[in-house]
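J.: Sequence:
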Amino acid sequence: MSRLDWMDAALCAQTDPDLWFPEGAGQHARTALRVCAGCPVRTECAEYAQQVEDSADGRRYGAWGGKSARQRRRQDAATNFRDQQIVRLTKQGLSAAEIGDRLGCTSRTVGRVRKAHRQQEAA
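Residues 1 to 123, numbered by the working numbering, are exactly what the sequence shown covers, in order.
What the hints contain is simulated information worked out from the structure, not anything from laboratory work. One or more of the hints may lead you astray.
[To be verified] Below 16 Å or equal to it, Euclidean Cα-Cα: the simulated EDC-like pairs (lysine to aspartate or glutamate) are:
{"id": "1", "residue 1": "91", "residue 2": "121"}
{"id": "2", "residue 1": "115", "residue 2": "83"}
{"id": "3", "residue 1": "67", "residue 2": "83"}
{"id": "4", "residue 1": "67", "residue 2": "101"}
{"id": "5", "residue 1": "91", "residue 2": "76"}
Using the sequences and the hints, build the whole thing.
T.: Laid out in structure tokens, this is it:
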């Protein structure tokens, strides 16, 4: 089974592909995003988009995983800021639960960010 088999279940595979890649600056993919809202593989699509965008020097095009390129850019910026705050608060000696309460995330998220940070520092 291919790691991209989820694409067969994607609603976008049954729709006009031009909806996901609107032409011109400022064009919105509202119709595409409405289709995405009911898609059963939206999570897999979002993960795939992240892999593609990471490997393409951060270039973001079209609607993926129920979000426009602009929405994905904003989400990444917010996530990066949150992760930096987790590292900073960890260095101040706060517990995962305390950090989660302050930042509005779970202690599991705090643990995941801490682990990724440790691995990054070790590399």
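J.: Look at each hint and say if it fits the structure.
T.: Verification of the supplied hints:
Simply put, residue 91 and residue 121 have alpha-carbon atoms about 14 Å apart, close enough for the 16 Å limit, and the pair holds. Proximity of residue 115 to residue 83 is assessed by CA-CA distance (about 11 Å); at most 16 Å being required, the pair is judged to hold. Using a Cα cut-off of 16 Å, the hinted pair residue 67 and residue 83 is violated, with the two alpha carbons roughly 21 Å apart. Distance hint between residue 67 and residue 101 is unfulfilled; the C-alpha atoms sit about 27 Å from each other, more than 16 Å.
Among the hinted pairs, residue 91 with residue 76 is inconsistent with the structure: their alpha-carbon atoms are about 23 Å apart, more than 16 Å.
Against the hints set out earlier in the document, violations occur for numbers 3, 4 and 5.
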